[in-house]
Amino acid sequence: MTTSAAGTGTFSTTDDTLVLASVTSSVESDLIAAWLDQQRARHPETKIELLRLPPRNPPPAALAQLVEQLESDEDRSVVPVRVFWMPRADASALSRLAALIPGQNPYEPSERQQRRIVRNEPSRTRVVAGESAKISELRQQWRDTTVGENPRDFAHFVTRRALLAIERAEYRILGPQYKSPRLVRPEMLASARFRAGLEKIPGATVEEAGKMLDELATGWSRVSVDLVSVLGRLLSRGFDREIDYDEYQVAAMRSALEVHPAVLLFSHRSYIDGAVMPIAMQENRLPPVHVFAGINLAFGVMGPLLRRAGVIFIRRNIGDDALYKYVLKEFIGYVVEKRFNLSWSIEGTRSRTGKMLPPKLGLVTYVADAYLDGRSDDILLQGVSISFDQLHETAEYAAYARGGEKRPEGFSWLYNFIKAQGERNYGKIYVRFPPAVSMREHLGPPHSQTAQDQAAKRLALQKMSFEVAWRILRATPVNATGLVSALLLTTHGLALTLRQLHHTLQDSLDYLERKQTPMSTSALRLRTPEGVRAAVDALSGGHPVTRVDSGREPVWRISPDCEHTAAFYRNSVIHAFLETSIVELALAHAGHADGDRLQAFWNQAMRLRDLLKFDFYFADSAAFRENIAEEMGWHEDWEAHVAAGGDEIDAMLYAKRPLMAEAMLRVFFEAYEIVADVLRDAPADIGEKELTKLALGVGRQYVAQGRVSSSEPVSTLLFATARQVVADQHLLEPAEDLAERRNAFRRELRGILQDFDHVAQIARNQFIAREVEARQGAVG
Numbered sequence: 001m002t003t004s005a006a007g008t009g010t011f012s013t014t015d016d017t018l019v020l021a022s023v024t025s026s027v028e029s030d031l032i033a034a035w036l037d038q039q040r041a042r043h044p045e046t047k048i049e050l051l052r053l054p055p056r057n058p059p060p061a062a063l064a065q066l067v068e069q070l071e072s073d074e075d076r077s078v079v080p081v082r083v084f085w086m087p088r089a090d091a092s093a094l095s096r097l098a099a100l101i102p103g104q105n106p107y108e109p110s111e112r113q114q115r116r117i118v119r120n121e122p123s124r125t126r127v128v129a130g131e132s133a134k135i136s137e138l139r140q141q142w143r144d145t146t147v148g149e150n151p152r153d154f155a156h157f158v159t160r161r162a163l164l165a166i167e168r169a170e171y172r173i174l175g176p177q178y179k180s181p182r183l184v185r186p187e188m189l190a191s192a193r194f195r196a197g198l199e200k201i202p203g204a205t206v207e208e209a210g211k212m213l214d215e216l217a218t219g220w221s222r223v224s225v226d227l228v229s230v231l232g233r234l235l236s237r238g239f240d241r242e243i244d245y246d247e248y249q250v251a252a253m254r255s256a257l258e259v260h261p262a263v264l265l266f267s268h269r270s271y272i273d274g275a276v277m278p279i280a281m282q283e284n285r286l287p288p289v290h291v292f293a294g295i296n297l298a299f300g301v302m303g304p305l306l307r308r309a310g311v312i313f314i315r316r317n318i319g320d321d322a323l324y325k326y327v328l329k330e331f332i333g334y335v336v337e338k339r340f341n342l343s344w345s346i347e348g349t350r351s352r353t354g355k356m357l358p359p360k361l362g363l364v365t366y367v368a369d370a371y372l373d374g375r376s377d378d379i380l381l382q383g384v385s386i387s388f389d390q391l392h393e394t395a396e397y398a399a400y401a402r403g404g405e406k407r408p409e410g411f412s413w414l415y416n417f418i419k420a421q422g423e424r425n426y427g428k429i430y431v432r433f434p435p436a437v438s439m440r441e442h443l444g445p446p447h448s449q450t451a452q453d454q455a456a457k458r459l460a461l462q463k464m465s466f467e468v469a470w471r472i473l474r475a476t477p478v479n480a481t482g483l484v485s486a487l488l489l490t491t492h493g494l495a496l497t498l499r500q501l502h503h504t505l506q507d508s509l510d511y512l513e514r515k516q517t518p519m520s521t522s523a524l525r526l527r528t529p530e531g532v533r534a535a536v537d538a539l540s541g542g543h544p545v546t547r548v549d550s551g552r553e554p555v556w557r558i559s560p561d562c563e564h565t566a567a568f569y570r571n572s573v574i575h576a577f578l579e580t581s582i583v584e585l586a587l588a589h590a591g592h593a594d595g596d597r598l599q600a601f602w603n604q605a606m607r608l609r610d611l612l613k614f615d616f617y618f619a620d621s622a623a624f625r626e627n628i629a630e631e632m633g634w635h636e637d638w639e640a641h642v643a644a645g646g647d648e649i650d651a652m653l654y655a656k657r658p659l660m661a662e663a664m665l666r667v668f669f670e671a672y673e674i675v676a677d678v679l680r681d682a683p684a685d686i687g688e689k690e691l692t693k694l695a696l697g698v699g700r701q702y703v704a705q706g707r708v709s710s711s712e713p714v715s716t717l718l719f720a721t722a723r724q725v726v727a728d729q730h731l732l733e734p735a736e737d738l739a740e741r742r743n744a745f746r747r748e749l750r751g752i753l754q755d756f757d758h759v760a761q762i763a764r765n766q767f768i769a770r771e772v773e774a775r776q777g778a779v780g
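Residue numbering for the sequence shown follows UniProt numbering, starting at 1 and increasing by one per position.
It should be emphasised that the hints constitute simulated quantities derived from the structure, not laboratory data. Quick caveat, the model's predicted, so the values are computed rather than measured. Beta carbons: idealized from backbone N, C-alpha and C, even for Gly. You may find that some hints are simply not true.
[Said to hold, decoys possible] So the derived label-pair ranges between C-beta atoms look like this:
hint, residue 1, residue 2, range
1, V147, Q454, 25 to 35 Å
2, R764, E636, 18 to 28 Å
3, A456, R88, 51 to 61 Å
4, A655, E337, 51 to 61 Å
5, K325, R525, 45 to 55 Å
6, R88, R547, 44 to 54 Å
7, S123, Q454, 51 to 61 Å
8, R527, S123, 51 to 61 Å
9, G706, D620, 31 to 41 Å
10, A456, D728, 15 to 25 Å
Construct the complete structure from the given sequences, taking the supplied hints into account.
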């Protein structure tokens, strides 16, 4: 059974008809009887019979009646009917919360409440009919898709189809944001496809598979859809009430979702992301998403509540559990086949550094399998950028960086999280929807050769996922918090005046505008001193800026104990300055290189890209070279000047606005060097925990000696990617020349840090020249 425009209180069939009426009370029986009288008057030539069924799990006697009716005439049509109770349009937030109390659900009123609604608010009552389907058509679908063998199995199949048809009709009334999967467990367990796959797994049983489906079960109850904004605002209190969207992107995504199912892959910086996603979909009247989350969040009553709010809990470590993997894969396939939207973090976990982590392919692989199996003619991977002006979780991330442990989730954790949200104003939340990536374009048509070639499929999935992540980054607006934090981190604790902040920030804003990089309103306001003052004041009080206002004029600084917090915000904007920072370092290297300096420039640019590939996203090699050449376009005849080397390259750097390498990338290479220092006398197969422990110790020594620019590179989070870098250089594998290669790598890093010093000195010269010019202007 499917629905049509007729599915809102009438039906168009002229065949003899069996009306399956789902009733819960005598009030509903009377309403359906009146509706039936109207239908008989409109279709006097049609024989219409009525069979009343309870809404769920019909008893044996009612099921026997249905079996008899279904056996009587294969050409008869079946029309499902139900009374739909509309909630009040002016429901308050308090009444929406009250809907959680038993007996207060506006969609399922008690019989007493039903009588009052019929008497006082009849417009809230509607008889809804799903589109008709012939018994012969239903029987063929049953035989094609299920393992049912007897008339009772067929009767259960018909009731499930009737319920789904009614649900679809009601979505037409409520809107797409109320669409949610129903009857997943019985539909899947009755599926011939599912049973056939189950038989191939040694020791697998239907009962065990059913338990796993119960664990995965989700769905948006209508009450929970109504409560999304209320509960979401509770979790995100402290932020401006209005989420910042790009309306053109929303319209484009709405059109795309009308054609294909989608997986919405969001950037992940905070636990709030899980609340923002459903709010964003509801506020824009988009179909709800079903968000995957770790089962560690299903504690206490949170599990049942979140399952009714579209959360799918999955096990963190499934190892070699073939049955669980199969059930999860088939569950995902069923959901996308029914055109429901899934969602999870493309990074797999929260980024505690502020920059995007590499995409995880696990769940994407299951979705790709469903597509290649032909369960949809295309599936869209829709990136979602979620960003914030500030987060209270940055204090937690700073503690991780210094070696702290993650706190387990529980009620006390949740209480403290919500409490922290209300302690101050955290600014705005920004949500962006860049263009979606098509599976069909990357994997070919369903049942293509890609499905058979595992290596080709994995490569295609990697490219596809990186493309989604790249689009998320490009759509994420640069905000004032990131720009101000980046600037103040470069002073290493020294304070700047409002004039100095405003003057220095203009070069970055010019560059972003020239590159047409998206910027938030707060960033655009940095064009004025008032906008800069608002930005630094919002970050003041150690969040992470300290304002000193006891002198002639206020000044702002980032103290050493707040550097890790500020780094989170700075890291969120690095992608916008990544390639221009690499240009500066490659120029500095070419300036002291022997031989062909232009070739040295290109070699160093590619080398820096290779070293940073575990920390940042890059275009492929050819596109990266094109981007670097474009970056150099600011200087006329740049290749000739680079080839000349020496003073001419320094002149190029002095003329460049802005110089960003020191602000954006130095700490990463300092973290690499600390790890490289540890490796000088470490065993070849040193473990990750031991390496991190030693690096923290050496890093603290470096800070005490002033051998690093700040305490920021002494971070377990940065050491994690530094370990990937040294592993990629084959420095964690036994070899005769291992010590020599480890020392050579450390020397290379020290050379790069010397290039940072060179660029930083030129940047200081720029700053001093501007200060002198400003003072002379003031005197004049």
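Hints breached by this structure: none
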